[in-house]
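Engineer: Listed below, chain by chain, are the residues.
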Amino acid sequence: MNGEELTEQETALYDRQIRVWGADAQRRLSKSHILVYGMKGTVAEFCKNIVLAGVGSVTLMDDHAVTDSALSANFLILPDENLSHGKTLAEACCDSLKEFNPMVHVSVEKGDISTFGVEFFEKFDAVVISCCSLAKKKLINQKCRKLPKRISFYTVDCRGSCGEIFVDLKNYKYSKKKLEETIECQLEYPSFEDAIAAPWKALPKRVSKLYFGMRVIEQFEDIEGRNAGQTSIADLPGVLKLRKELCETNSVNESQVPDALLERLLIGTSEFPPVCAVIGGILGQEVIKAISGKGDPLKNFFFFDAMDGKGLIEDISKPRHS
Amino acid sequence: MASEEQISAIKRAKVLMVGAGGIGCELLKTLALSGFQDIHIIDMDTIEVSNLNRQFLFRQSHVGQSKAKASTFTILRFRPKISITPYHANVKESRFNVDFFKEFDVVLNGLDNLDARRHVNRLCLAADVPLVESGTTGFLGQVTVHLKGKTECYECQPKPAPKTYPVCTITSTPSKFIHCIVWAKDLLFAKLFGDKNQENDLNVRSSDTGNSSEHSADVFEYRKDEDIEQYGRRIYDHVFGHNIEVALSNEETWKNRNKPRPIYSKDVLPVKMTEKNGDTEKDCATGDVSVMAFLSLKNPQDIWSLAENSRVFLEALRLFFSKRLKDIGNLTFDKDDQLAVEFVTAAANIRASSFGIPLHSLFEAKGIAGNIVHAVATTNAIIAGLIVIEAIKVLKKDNNNYRMTYCLEHPSRKLLLMPVEPYEPNKSCYVCSETPLSLEVNTHHSKLRDFVEKIVKGKLGMNFPVIMQGASILYEVGEDLEEDMVAIYAANLEKAFSELPSSVISGTVLTVEDLQQEFSCSINIKHREEFDEEKEPDGMVLCGWVEAPVDKDNNKPIGNGESTSNALPSEEKDVEIQEMSGGTETVTGKKRKLSEVDESKKQKKPEKLDVDDEDDELVISDDWESLAKKNRV
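For the record, the sequence lines run as chains B and V. Residue numbers for the first sequence follow UniProt numbering, beginning at 1 and rising by one. Residue numbers for the second sequence follow UniProt numbering, beginning at 1 and rising by one.
Don't take each hint at face value.
Said to hold, decoys possible - Per the computed footprint, the stretches of chain B lying under chain V, defined by three or more beta-carbons under 8 Å from a beta-carbon of chain V, are:
1. 39-48
2. 249-259
3. 296-304
To be verified - Ranges between beta-carbon positions, derived for each pair:
4. S175(V) / E119(B): 53 to 61 Å
5. S255(B) / D336(V): 33 to 41 Å
6. Y423(V) / Q186(B): 51 to 59 Å
7. D302(V) / R226(B): 55 to 63 Å
8. S322(V) / K31(B): 38 to 46 Å
9. K176(B) / S322(V): 47 to 55 Å
10. K176(B) / T46(V): 35 to 43 Å
To be clear, the hints were calculated from the coordinates, so they are not data collected in a lab. Every residue gets a Cβ at the ideal spot worked out from N, C-alpha and C, and that includes glycine.
All chains should be built: construct the whole structure from the sequences, respecting the hints.
Structural biologist: Shown next as structure tokens:
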């Protein structure tokens, strides 16, 4: 990290944030490469945050065509011009992001991410996945974990007034200052697959109900072969049936996953911009922490619900069988 | 997720944003995305390079332009159909009166200073318009909702006072780098380059010793045709050598302290500078004058050696006299003045070196001297999201669900975003309740001017005050006053309370009103003969008006202003020298404001919630909001 100093231009532009996390952290940020998949409102917020922070590069993936509905929560897409040009979501967002900070290299990668080999992911320091199926999340997480290099892996999804972030930093070591002394800290993260396999019964009693709600909907979409967010209130009977099964298997009371919450999640197929801002902000902060090595990273889920206003960290891991 | 009711409430709403900076940019974007269609923005600032890392609606090409206008322009590109009305203006202008505020359904603050926040608070109370207030510093932030009569107003809780230092700590016994910065910036810099008529305590110590005050008067005088380096070395030797020797002669001071070391320029820099840097003249013929530029000190993060600091000190002084002679005599420290920052950094470091205090880089010194706020985009984005969530509740009149929310750096009981029920109005708040204040004052000695400056403007934050006793007006500020009245008021200012046309004595009730803020309060006058010069330097004491003590704990206060509030460790905040006699030196009973103070820290974060954060099996009490409430007091 040493030897390469920030340029005068960088020092001037990043002055206020260098005062928050220091010049070392800024140097690490400027050498980092981030991959994001799924360009909806929350990811747009996240991208804005890390581009402003001054990461080295951001690679965007989303081959969906720009549609009217895509505009709703995504401020990176300008109306008219992009629609007429028939750009993909990633391409449309790329143009706007470049404007935010000319020092960051923003580019688009096309293709089916599921078919990409591990060597593709090796180029990145952090991978953020959004709006995709359960199977795809697991697969990409596995590919990242296979590499000897640590790649910080995140999934993020917002449904209406609710948002969820999952974090996998594999084996993460960092140091922090407590009073005068520096403490070495180490965190072991489970993979996404292992985390969600944790028996519900074994979780802390007051774990966020949103965790269960998100798992039910996720599984429902998986079983039905739907895309992420492709639900409506008509799915409620099927979702309630699945909830019953899951609660029985996990021997927890169905009240852990209230009807009202599931209804909200089912209807919330479009994002609510203030929630995108909150979740995109927290996620940006977490990625900056992981790259810079400054600050306690969250482990391993974060939930926000605009209904009660709580932004909550939950540590959800499978109990170790030694 | 939005219900029909919510969508139509948002569409109908007319909102006023005050501030288009760090929070403002994020807020405007989120409002536009959320479907707001009629947004008005007031901001008096123009765009600077250091804004661009987070105020993402601005580009390099916007630098120098109005924030209100540039943000409007950028947002209209992606939401061309909504209406945004920018005002490149100070919210305190008279056109933004109560009638103006009444037009809005909700006011959203993204401000950076206490003064403007208090002003908007009063206008919102007078217009009975809900206010959503916010602030961030670094990773910390908060959002609060203020509704007249339902929740506390912005001024119901005391605000921490600006950090003050005893004058003797600054002039004689510094123990922290901030003390050296204050000395360099507010004493030495002011003495050399500022208004010569200002009082200056630079030589408080040395004046103890008879003839040295005479000596020091000469020292700072630049003699015509004098070699500028020789002049610089004389200043150097006087402030870092002679003054330290004088201070050392007072044995009593150093009984329990480490003795400082006098430093003389010949010991640090034996060779004459101009011989080494003969070619410097042409290097800085144009553009911004900077020492670093040609002393090959490239990296502002580096800590200079004593010799380097000494060289910067002398060079900076030389450049001020050779390149900026016309500025000398009316300069005040400005963090954007590179040469001033270089000079202050060097002077503070040489002094620090003398007192055995660790030296700091120019980057750090600049932050401390300029009270520069720590700011990141992510916190602003989160806070803006939370503001919109509360604003929508306000529009839906969802009275029971308003929350004040803290954005924390470290989770407290698993919470990074911590909502708390809003507090009820403080019944003894002089702003939102009718509770009278009382003022203890020597009615025979204190003049109306002191009252206007120190109390009405200084403490009550009024801009256009009217002071009345019953029906008779003692003083008034306004644009359209008759000339004879102006003369009478000017004369009144110089009179003691008891000498005023309608004599103000113990038991008199004064009414103080700000016509623009439509805010008025009563003050009961109580005569008191004596005041403690140290503890009551104003010579009057206002009761019922609360100012919080400066925080002592390590919790960083949550700033209320993204762009100029600051999150430096608490001892490095905005600074005022509180004159106190710390020994034998004489001091005047005068408080001197030393920096553009943006002291708007609210210390509302429930502090004790971190304590038993260890075990997640421990359930979050459903009652934790009230727990937080108790802890807050």
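Engineer: Each hint should be assessed against the structure and marked as holding or not.
Structural biologist: Taking the hints in turn, this is what the structure says about them:
no.: 1; hint: 39-48; in the structure: holds (count 3)
no.: 2; hint: 249-259; in the structure: violated (count 0)
no.: 3; hint: 296-304; in the structure: holds (count 4)
no.: 4; hint: S175(V) / E119(B): 53 to 61 Å; in the structure: holds (57 Å)
no.: 5; hint: S255(B) / D336(V): 33 to 41 Å; in the structure: violated (59 Å)
no.: 6; hint: Y423(V) / Q186(B): 51 to 59 Å; in the structure: violated (41 Å)
no.: 7; hint: D302(V) / R226(B): 55 to 63 Å; in the structure: holds (57 Å)
no.: 8; hint: S322(V) / K31(B): 38 to 46 Å; in the structure: holds (42 Å)
no.: 9; hint: K176(B) / S322(V): 47 to 55 Å; in the structure: holds (48 Å)
no.: 10; hint: K176(B) / T46(V): 35 to 43 Å; in the structure: holds (39 Å)
In terms of the numbered hints stated before, the structure departs from hints 2, 5 and 6, listed from lowest to highest.
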